[in-house]
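Chemist: Chains R and U are the protein sequences, given in the same order. Take the first sequence: its position 109, counted from the start at 1, is 109 in the numbering used here, and no numbers get skipped. Take the second sequence: its position 255, counted from the start at 1, is 255 in the numbering used here, and no numbers get skipped.
Simulated from the structure, these hints should not be mistaken for laboratory data. Incorrect hints may have been included.
[What the hints assert, rightly or not] Simulated pairs of lysine to any residue, SDA-like, Cα-Cα distance not exceeding 25 Å:
id, chain 1, residue 1, chain 2, residue 2
1, U, K183, R, D19
2, U, K249, R, E39
3, R, K114, R, N163
4, U, K244, U, D256
[What the hints assert, rightly or not] Residues on chain R that point at chain U, a partial pick, calculated with CB under 8 Å:
id, residue
5, G33
6, K36
7, T63
8, Q64
9, G85
10, R88
11, I118
12, G147
13, D154
14, P292
15, W346
[As the list claims (entries may be wrong)] From chain R, some residues computed to sit far from chain U (all C-beta separations above 12 Å):
id, residue
16, R42
17, P43
18, D101
19, E106
20, R222
21, R303
22, S306
23, D311
24, T334
25, P337
26, F338
27, I343
28, A357
Virtual Cβ for every residue (Gly too), placed ideally from N, Cα, C.
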Amino acid sequence: MSENAKKEMRTPIETGAPDGFQYMHPTMRKNFGQWKYHEHPRPGVLVHYANSGEEIWTVRAGTQRILDVFTLRTLCDIGDEYADGYVRFTIRSNIEYMVKDKSKVEPLIEALEKEGFIVGGTKNSVAMISHTQGWLHCDIPGTDASGVVKAMMDELIDEFRNNEMPNRVHLTTSCCQINCGGQGDIAINIQHTKPPKINHDLVSNVCERPSVVARCPVAAIRPAMVNGKPSLEVDEKKCICCGACFPPCPPMQINDPEHSKLAIWVGGNHSNARSKPSFQKLVAAGIPNNPPRWPEATAIVKRILSAYKEDARDWERINDWIERIGWPRFFELTELPFTKYHIDNWRGGRKTLNSSAYVRF
Amino acid sequence: MKKHDTPMIDELENGPWPSFISGIKRLRDTHPEKRINEMTNDLLGQLEHSYETRKGYWKGGTVSVYGYGGGIIPRFSEVGDAFPKSKEFHTLRVQPPAGNYYTTESLRDLADSWEKHGSGLVTFHGQTGNIMFIGSTTESTQHFFDDINEKGWDLGGAGPCVRTAMSCVGAGRCEMSNVNEHKAHRLLVNNFMDDMHRPALPYKFKFKVSGCPNDCMNSIERADMSVIGTWRDNIKVDQEEFKKYVEMKGRKYVIDNIVTRCPTNAISLNDDDSIDIDNQNCVKCMHCLNVVPKALHPGDDKGVTILIGGKRTLKIGDLMGTVIVPFMKLEKEEDWERLVEIAEETIDFWADNALEHERCGEMIERIGLVNFLEGIGIDVDPNMVANPRESSYVRTDDWDDEAVKWYEKADKKKDSA
Ligand code: HEM
Ligand code: SF4
Ligand code: SF4
Ligand code: SF4
Ligand code: SF4
Numbered sequence: 001m002s003e004n005a006k007k008e009m010r011t012p013i014e015t016g017a018p019d020g021f022q023y024m025h026p027t028m029r030k031n032f033g034q035w036k037y038h039e040h041p042r043p044g045v046l047v048h049y050a051n052s053g054e055e056i057w058t059v060r061a062g063t064q065r066i067l068d069v070f071t072l073r074t075l076c077d078i079g080d081e082y083a084d085g086y087v088r089f090t091i092r093s094n095i096e097y098m099v100k101d102k103s104k105v106e107p108l109i110e111a112l113e114k115e116g117f118i119v120g121g122t123k124n125s126v127a128m129i130s131h132t133q134g135w136l137h138c139d140i141p142g143t144d145a146s147g148v149v150k151a152m153m154d155e156l157i158d159e160f161r162n163n164e165m166p167n168r169v170h171l172t173t174s175c176c177q178i179n180c181g182g183q184g185d186i187a188i189n190i191q192h193t194k195p196p197k198i199n200h201d202l203v204s205n206v207c208e209r210p211s212v213v214a215r216c217p218v219a220a221i222r223p224a225m226v227n228g229k230p231s232l233e234v235d236e237k238k239c240i241c242c243g244a245c246f247p248p249c250p251p252m253q254i255n256d257p258e259h260s261k262l263a264i265w266v267g268g269n270h271s272n273a274r275s276k277p278s279f280q281k282l283v284a285a286g287i288p289n290n291p292p293r294w295p296e297a298t299a300i301v302k303r304i305l306s307a308y309k310e311d312a313r314d315w316e317r318i319n320d321w322i323e324r325i326g327w328p329r330f331f332e333l334t335e336l337p338f339t340k341y342h343i344d345n346w347r348g349g350r351k352t353l354n355s356s357a358y359v360r361f
Numbered sequence: 001m002k003k004h005d006t007p008m009i010d011e012l013e014n015g016p017w018p019s020f021i022s023g024i025k026r027l028r029d030t031h032p033e034k035r036i037n038e039m040t041n042d043l044l045g046q047l048e049h050s051y052e053t054r055k056g057y058w059k060g061g062t063v064s065v066y067g068y069g070g071g072i073i074p075r076f077s078e079v080g081d082a083f084p085k086s087k088e089f090h091t092l093r094v095q096p097p098a099g100n101y102y103t104t105e106s107l108r109d110l111a112d113s114w115e116k117h118g119s120g121l122v123t124f125h126g127q128t129g130n131i132m133f134i135g136s137t138t139e140s141t142q143h144f145f146d147d148i149n150e151k152g153w154d155l156g157g158a159g160p161c162v163r164t165a166m167s168c169v170g171a172g173r174c175e176m177s178n179v180n181e182h183k184a185h186r187l188l189v190n191n192f193m194d195d196m197h198r199p200a201l202p203y204k205f206k207f208k209v210s211g212c213p214n215d216c217m218n219s220i221e222r223a224d225m226s227v228i229g230t231w232r233d234n235i236k237v238d239q240e241e242f243k244k245y246v247e248m249k250g251r252k253y254v255i256d257n258i259v260t261r262c263p264t265n266a267i268s269l270n271d272d273d274s275i276d277i278d279n280q281n282c283v284k285c286m287h288c289l290n291v292v293p294k295a296l297h298p299g300d301d302k303g304v305t306i307l308i309g310g311k312r313t314l315k316i317g318d319l320m321g322t323v324i325v326p327f328m329k330l331e332k333e334e335d336w337e338r339l340v341e342i343a344e345e346t347i348d349f350w351a352d353n354a355l356e357h358e359r360c361g362e363m364i365e366r367i368g369l370v371n372f373l374e375g376i377g378i379d380v381d382p383n384m385v386a387n388p389r390e391s392s393y394v395r396t397d398d399w400d401d402e403a404v405k406w407y408e409k410a411d412k413k414k415d416s417a
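Turn these sequences into a full structure, and let the hints guide you.
Modeler: The structure is reproduced here in structure tokens:
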């Protein structure tokens with residue numbers, strides 16, 4: 001390394017997570033931990049009242065999440081002109097503006113809508129879909145998360161802008177079976193249906209074979225000599241097509257334009273309200289991964305949403321609703337097929353079977 | 001510059017939801033810097049190619065900044081010959097402020113630095129919680145980091161390390177909050193900067209902090225260590241407000257939507273429209289408080305519940321976190337120190353005992369909760385189980401000693417009460 005280059009090496013300052021207080025609206029700082037209750041005057045708007053008698057108004061808006069600096073600055077301009085210059089982002093990448101005066105709320109909403117942002121996403125709406133990286137910038141995706149989200153939110157926009165759902169609905173997408181998108185009331189995830197295709201010429205160069213072997217959840221991978229070179233082979237009968245071997249070994253290509261499908265899962269719920277947190281369950285698979293607008297997946301999501309909207313009681317999340325009406329009725333209402341693939345055979349899967357005489361007709 | 005034809009992704013400019021494609025095109029068409037025009041043009045070209053062939057074309061590699069071993073997600077294009085200007089397109093993970101608060105000034109400042117060095121595309125936030133600056137070359141990665149690091153921003157985690165943490169809006173705005181989430185978030189994660197920036201753990205480790213059991217941060221499902229605010233005294237009831245609510249909604253609605261939805265049947269509606277809550281059997285699920293926030297509030301004796309071991313699918317299947325500390329106060333300095341100590345002991349034990357690429361929850365699944373608890377010096381508690389053991393295949397040699405321990409602890413609790 002040249003002396004010059006060395007000089008440029010700057011020791012990082014390991015400050016970690018910055019203090020949020022410096023960026024917090026003064027009214028929020030002042031009433032920190034002293035909030036009494038909130039109201040929800042209209043979709044996309046919350047007002048919180050403090051013990052001190054002060055109030056803070058929040059306007060929430062959906063964005064494209066992948067922000068170009070122009071859009072980010074437009075959001076800032078709106079914040080400076082129509083709000084108090086303080087914002088935050090929700091876990092689902094919505095932006096929130098906080099203002100002290102009620103009178104600022106309507107002009108703020110107007111300004112946001114004029115620029116094409118969508119005010120809503122609070123309470124019993126369909127919230128912004130939380131999404132992952134996809135073809136835009138991940139190295140293992142089977143689909144494009146941002147595109148799926150954009151296409152779906154175009155169709156669900158009225159449900160985002162209104163509060164007509166029995167309770168809130170959180171959607172997520174994941175573009176591989178690792179599922180960065182996490183749990184959701186409805187999750188739209190990649191589901192591979194064919195074992196990885198191995199490029200044997202590359203395996204010996206790029207892969208640490210033992211760690212790839214260790215990664216497989218069903219021990220389907222074995223070291224093997226192929227064409228006189230060390231490589232790997234997959235027991236295709238055992239393979240569950242999960243794709244876990246692909247990140248550590250890119251020559252084990254799992255993504256397939258035809259056979260990487262979408263699957264839909266329902267009933268994941270992070271909250272403890274009414275019942276313990278729950279994981280999502282598979283309800284539909286084999287859905288074509290059909291860019292640029294994925295109409296087949298959206299159609300199924302809409303079908304599930306309309307059955308839920310119609311049939312669920314107030315405050316029931318999707319998992320609560322299905323718990324009450326049972327799975328036979330769920331499949332009936334959504335007109336989705338129930339297949340042998342819905343029956344879990346993974347470890348612990350037996351606890352998902354019906355060990356009672358409770359049967360619904 | 002010749003613009004790539006992008007008929008497929010152009011379809012994503014239609015429709016009312018804001019379009020990320022239109023945003024990338026703005027950078028291509030109207031940004032004053034040629035470097036950005038060209039980079040985003042080739043990015044769009046590669047993305048179109050992905051849409052047409054239904055395949056991704058990024059591969060990983062190694063890129064880091066001086067002094068750190070993680071925090072950058074390297075992206076090199078496999079089709080870089082066709083799209084040379086975006087052939088290096090790395091992501092920087094930057095830690096957000098606790099609670100995700102920003103001023104417009106701080107955002108503009110970040111935007112200014114980013115367009116000087118990177119593609120001009122940024123996400124607030126990734127699913128782990130980082131600000132993701134998407135699209136920098138290997139060379140500009142260091143420059144951009146230097147720039148923002150001087151202004152108080154630090155990289156998050158990537159690789160087998162402590163990852164970026166998240167906390168909810170919490171006490172800043174939410175009446176359900178039972179803890180200073182921001183303090184918990186920063187105390188925890190900032191104590192592990194070495195373990196974040198120099199990845200050397202068995203696998204990833206995530207902290208998430210939610211101010212109440214609504215768990216807006218999804219911490220039970222997604223965090224290796226989940227800290228959730230709660231309280232152990234009575235729900236505060238404003239009976240007058242509650243009666244007003246009954247009057248407004250009707251008794252039937254209140255019975256159907258509050259009384260019968262309480263998971264432990266702890267609520268009873270009185271004849272005069274006030275309510276009684278059996279607080280000893282309230283499990284702090286939050287439902288009734290969510291429905292009538294004006295009348296029902298968390299109690300005053302606040303603290304946190306700690307769960308360990310949540311994670312997603314890989315490798316043994318999804319796991320929820322499980323309770324290891326049913327309740328602890330976070331009031332005095334030593335309480336906060338104890339919180340950090342629990343995290344340290346957990347991470348140390350896990351680092352020593354986990355297999356390679358094994359999350360903390362998977363290790364617990366393999367060795368059993370009791371071994372883990374003994375390893376970090378925490379006593380068993382019935383709040384840690386949904387129910388006691390169902391299998392009779394267990395050796396109970398030291399039953400009497402263990403029973404004595406339990407009674408001694410119970411006596412101590414009585415004395416201190
Ligand atoms: C090549 C490998 C991988 C890449 C490039 C990748 C990338 C990412 C990115 C960019 C995020 C969002 C990060 C953020 O907010 O800063 C993320 C989150 C996440 N990743 Fe990965 N990931 C990879 C492998 C994995 C693996 C192997 C697992 C599973 C064990 C995994 C599970 C997750 C989960 C569960 C989240 C969401 C986390 C949360 O809610 O906190 N990822 N990943
Ligand atoms: S879900 Fe999979 S493909 Fe998508 S961003 Fe996460 S790791 Fe990448
Ligand atoms: S796809 Fe999954 S099951 Fe199949 S070989 Fe790879 S890791 Fe094993
Ligand atoms: S987790 Fe609880 S305290 Fe935090 S924002 Fe959600 S409801 Fe409020
Ligand atoms: S918080 Fe939940 S458990 Fe407690 S009384 Fe209310 S509904 Fe019942």
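Chemist: Could you run down the list of hints and mark each one as holding or not?
Modeler: Going down the list of hints, with the structure as the test:
1. Restraint check for K183 (chain U) and D19 (chain R): the C-alpha separation of about 9 Å stays at or below 25 Å, so the hint holds.
2. At roughly 16 Å between alpha-carbon atoms, K249 (chain U) and E39 (chain R) fall within 25 Å of each other, so this suggested pair holds.
3. This hinted pair checks out: K114 (chain R) and N163 (chain R) have alpha carbons roughly 21 Å apart, not beyond 25 Å.
4. For the suggested pair K244 (chain U) and D256 (chain U), the alpha carbons sit about 17 Å apart, so the restraint of at most 25 Å is met.
5. Proximity of G33 (chain R) to chain U holds as hinted, the smallest CB-CB distance being about 4 Å (cut-off 8 Å).
6. Given hint, K36 (chain R) at the interface with chain U, holds; its Cβ is 6 Å from that chain's nearest Cβ, closer than 8 Å.
7. Nearest Cβ of chain U to the Cβ of T63 (chain R): about 6 Å, under the 8 Å cut. The hint holds.
8. Taking 8 Å as the C-beta cut-off, the interface hint given for Q64 (chain R) holds, the closest approach to chain U being about 4 Å.
9. A least Cβ separation of about 5 Å between G85 (chain R) and chain U falls short of the 8 Å threshold, and the interface hint therefore holds.
10. Of the supplied interface hints, the one on R88 (chain R) holds, with its beta-carbon coming within about 5 Å of a beta-carbon of chain U, less than 8 Å.
11. Here the hint on I118 (chain R) is kept, as its CB sits about 7 Å from the closest CB of chain U, short of 8 Å.
12. A hinted interface residue such as G147 (chain R) counts as satisfied when its beta carbon comes closer than 8 Å to some beta carbon of chain U; here the least separation is about 6 Å, so the hint holds.
13. At about 3 Å, the closest approach between the beta carbon of D154 (chain R) and any beta carbon in chain U falls short of 8 Å, and the interface hint on this residue holds.
14. With its C-beta approaching chain U no nearer than about 4 Å, P292 (chain R) sits inside the 8 Å limit, and its interface hint holds.
15. The interface hint given for W346 (chain R) holds, since its Cβ lies 6 Å from the closest Cβ of chain U, which is under the 8 Å cut-off.
16. A cut-off of 12 Å between C-beta atoms confirms that R42 (chain R) is not in contact with chain U; the least separation is 17 Å.
17. Every CB of chain U lies more than 12 Å from the CB of P43 (chain R), the least distance being 15 Å, so the non-interface label holds.
18. No beta-carbon of chain U comes within 12 Å of the beta-carbon of D101 (chain R); the shortest separation is about 16 Å.
19. Under the 12 Å C-beta cut-off, the non-interface status given to E106 (chain R) relative to chain U holds; the minimum distance is some 20 Å.
20. Against chain U, the non-interface label of R222 (chain R) holds: every CB pair exceeds 12 Å, the least being about 17 Å.
21. At roughly 20 Å, the least C-beta separation between R303 (chain R) and chain U is larger than 12 Å, which holds for a residue marked as non-interface.
22. At roughly 19 Å from the closest C-beta of chain U, the C-beta of S306 (chain R) stays outside 12 Å, upholding its exclusion from the interface.
23. Remark: the non-interface label on D311 (chain R) is consistent with the geometry, its nearest Cβ contact in chain U lying 15 Å away (cut-off 12 Å).
24. The non-interface label for T334 (chain R) is consistent with chain U: the shortest C-beta to C-beta separation is roughly 23 Å, beyond 12 Å.
25. For P337 (chain R), the shortest C-beta to C-beta distance to chain U comes to about 24 Å, beyond the 12 Å cut-off, and the non-interface label holds.
26. At roughly 22 Å, the least C-beta separation between F338 (chain R) and chain U is larger than 12 Å, which holds for a residue marked as non-interface.
27. The Cβ of I343 (chain R) lies farther than 12 Å from every Cβ of chain U, with a closest approach of about 15 Å, so its non-interface assignment holds.
28. For A357 (chain R), the requirement that its beta carbon stay farther than 12 Å from each beta carbon of chain U is met, with the minimum near 20 Å.
In this structure, every one of the numbered hints holds.
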